[in-house]
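Given the coordinates of chain G, assemble chains B, R and A onto it according to the supplied hints.
Number of protein chains: 4
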Amino acid sequence: MNKTRLEAFSDGVLAIIITIMVLELKTPESNDWESVKYIFPVLGSYALSFVFIGIYWGNHHHLLHTVKKVNSRIIWSNLNLLFWLSLIPFATRWIGENNFDKISVAVYASLLAVSGLAYYILQQSIVAHHHFTEKMKEAMEKQRLKGIISMFAYLTSIATAFVYPVISEVIFVGVAIMWLVPDKNIERAMEE
Amino acid sequence: MNKTRLEAFSDGVLAIIITIMVLELKTPESNDWESVKYIFPVLGSYALSFVFIGIYWGNHHHLLHTVKKVNSRIIWSNLNLLFWLSLIPFATRWIGENNFDKISVAVYASLLAVSGLAYYILQQSIVAHHHFTEKMKEAMEKQRLKGIISMFAYLTSIATAFVYPVISEVIFVGVAIMWLVPDKNIERAMEE
Amino acid sequence: MNKTRLEAFSDGVLAIIITIMVLELKTPESNDWESVKYIFPVLGSYALSFVFIGIYWGNHHHLLHTVKKVNSRIIWSNLNLLFWLSLIPFATRWIGENNFDKISVAVYASLLAVSGLAYYILQQSIVAHHHFTEKMKEAMEKQRLKGIISMFAYLTSIATAFVYPVISEVIFVGVAIMWLVPDKNIERAMEE
Amino acid sequence: MNKTRLEAFSDGVLAIIITIMVLELKTPESNDWESVKYIFPVLGSYALSFVFIGIYWGNHHHLLHTVKKVNSRIIWSNLNLLFWLSLIPFATRWIGENNFDKISVAVYASLLAVSGLAYYILQQSIVAHHHFTEKMKEAMEKQRLKGIISMFAYLTSIATAFVYPVISEVIFVGVAIMWLVPDKNIERAMEE
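Residue numbers (the numbering used here), protein chains in the order written: chain G, 1268 to 1459; chain B, 1268 to 1459; chain R, 1268 to 1459; chain A, 1268 to 1459.
If we strip away everything but chain G, and leave its shape as in the complex, we get (with noise of 0.2 angstroms):
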């Protein structure tokens, strides 16, 4: 059983999930630049959704990589992951439609929480099934903290999100350009 098509099929469910969020954004009422400078924040949840979807597309595209068999615990543990990740454009709206609101920012806190959950279960999925080079371990295992630490990050985002969302948004930001600084060692060890 080949991991091709499952392949195929995450990057189509991934590509629609980054693009549809477009559909979302409601174009400026009037033509002024009053209406106009209104579209910045929804732009970016919609620039912070893009980055995260694309951080998760990379991280599963090196993931998915080290498979070589695909049994029924992968193939579910990866539709699990795709569920939640398919919640993000809905959470999206949502944050742009109440001006980053509390409520909303706790949501999409909690969302990226679970989506973390959902990854880290696929990776022990594939974990379970597969050998690995010392290299390639120290790789994911680098993973796994920078996955533990995004927790914690989401967790308090989401306590901070009651109180100052501003908080939430900054940690979101943080996380972002943790995962975004490019981990050398998991290319290297691939490349070998």
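Check each hint, because a few of them may be wrong.
If chains are identical, the list can't say which one is meant, so a pair holds when it fits in one copy or spans any two.
What the hints assert, rightly or not - Pairs of lysine-lysine, DSSO-like flavour, derived with a Cα cap of 27 angstroms:
hint, residue 1, residue 2
1, Lys1409, Lys1304
2, Lys1404, Lys1369
3, Lys1409, Lys1369
4, Lys1402, Lys1293
5, Lys1409, Lys1270
6, Lys1335, Lys1402
7, Lys1336, Lys1293
8, Lys1413, Lys1402
9, Lys1336, Lys1270
10, Lys1409, Lys1336
11, Lys1369, Lys1413
12, Lys1369, Lys1335
13, Lys1304, Lys1293
14, Lys1336, Lys1413
Because the hints were derived from the structure by calculation, they are not lab data. Here the structure is a predicted model, which means the values were calculated and not measured.
Structure of chains B, R and A alone, referenced to chain G:
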């Protein structure tokens, strides 16, 4: 004539079906817990449909894996299946909007029944043009048994929808769980 | 320059075209049989368009299969075809909203005619750069004949749309059936 | 690390971008020729954006074809390009809704300029990690020249948008035509 494009096209359609349902999710109107709670049944119908499409994708993956030659009959049986599955986002939205009312639940159940029938037709088109090993036949027989049980469950749920829609919903969840239990047989048969 | 991405991109666009039409389907306003019955014509126009896109996908599949070298002319003939097909969800929604009124039916018929022309242009771009076996040429000749008949049918249906739209609809169904009858010739020719 | 998924994901996103624009097309309110005529400018903006995305897809196809090794820098330059292109359906809808008014045209022009810049950055990320033949370098130089001309054209069109939006539109069409003229050089260079 190879099956690569048949798989790619089906993956594309299934990926879109499973993802666009999230476009239907309406964000809560106000920002208090009362309106947020209101989301959960709608989210539940989305989750249920996500799982059903996921099950079809998994089974389709296994079924197409056995195909060696693609002909017009297989192409059109496949498009027939995709047509009925493409109506699931519509039925899901309907259920959500009507708060699981009888007619919408009956339509949803009918759609699942027709999709099951379409899957059976696709299976027959493939069987008609291929020779299988004993193990493979056995595994397919088991799948077919699950298919027949599902069909009876769907027909029952159409009837119960008019009296107690909640029973239909329990039946849907039950069928989903039956399919989610991984079928070790078909996996082993395909590895050989 | 290989054709893999041309096929993948076309499959993606066709998969989206065929699936997003379902987003246009409006759920019935109230929950009695009267409003449910009202869905059927809309559903009918969706089914018709689904079949037409399906036919194009099948023929495109066969046509691209014969391609060995992709050049700019083929790329742009292909994009031209995809452009016109991408308008079909728009025309389908229009027909549905206007309850098969004359102008919408005429626009739908014109779109089918232009798409047919675009397919012919793509076919010619491919023929100009490839050598075919006798069998293959014969099969393509038959396809071209079907294309010419369809073109006459579409032009007729534009005219009838203004008098009896129902005749145009019968013509659409007739053309679809003509294409659905599997063309054994082209399949045999391609296997050789 | 191979480039298959990078291409597949990009194809998916581009296919969705090019197709979802049709969801924005509003059907005419009444059924007389007056309201039907009203569609043409909106349809025109859709056609223009379709051609621009088509050009990007074609160039992306050629560019990625030269890639042998994918690294984080290429992945993120690519996602950056896809982000800006994903906003084109939004800008297209805006132009249509505002009947090609100045601010919407200026935003559209700016988006084309930023997308051009993002494409240039992707090109540089790829050039930095690959060795090319002389012929290939020459062909890429020509592409870069076209890119610079386009950039000047876009910047001009931002300015003209505030005075005579129609001039900006003529510039858009001019740029599209410049790119549509097939570049025999790059095709020949790639075949070698």
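To see whether the hints hold, each was checked on the structure:
no. : hint                : result
1   : Lys1409 <-> Lys1304 : neither (40 angstroms within a copy, 38 angstroms between copies)
2   : Lys1404 <-> Lys1369 : neither (39 angstroms within a copy, 53 angstroms between copies)
3   : Lys1409 <-> Lys1369 : neither (32 angstroms within a copy, 50 angstroms between copies)
4   : Lys1402 <-> Lys1293 : neither (47 angstroms within a copy, 46 angstroms between copies)
5   : Lys1409 <-> Lys1270 : both (25 angstroms within a copy, 24 angstroms between copies)
6   : Lys1335 <-> Lys1402 : both (18 angstroms within a copy, 23 angstroms between copies)
7   : Lys1336 <-> Lys1293 : neither (44 angstroms within a copy, 39 angstroms between copies)
8   : Lys1413 <-> Lys1402 : within (17 angstroms within a copy, 44 angstroms between copies)
9   : Lys1336 <-> Lys1270 : both (7 angstroms within a copy, 21 angstroms between copies)
10  : Lys1409 <-> Lys1336 : both (24 angstroms within a copy, 23 angstroms between copies)
11  : Lys1369 <-> Lys1413 : within (26 angstroms within a copy, 46 angstroms between copies)
12  : Lys1369 <-> Lys1335 : neither (43 angstroms within a copy, 46 angstroms between copies)
13  : Lys1304 <-> Lys1293 : both (13 angstroms within a copy, 25 angstroms between copies)
14  : Lys1336 <-> Lys1413 : both (26 angstroms within a copy, 25 angstroms between copies)
Against the hints set out earlier in the document, violations occur for numbers 1, 2, 3, 4, 7 and 12.
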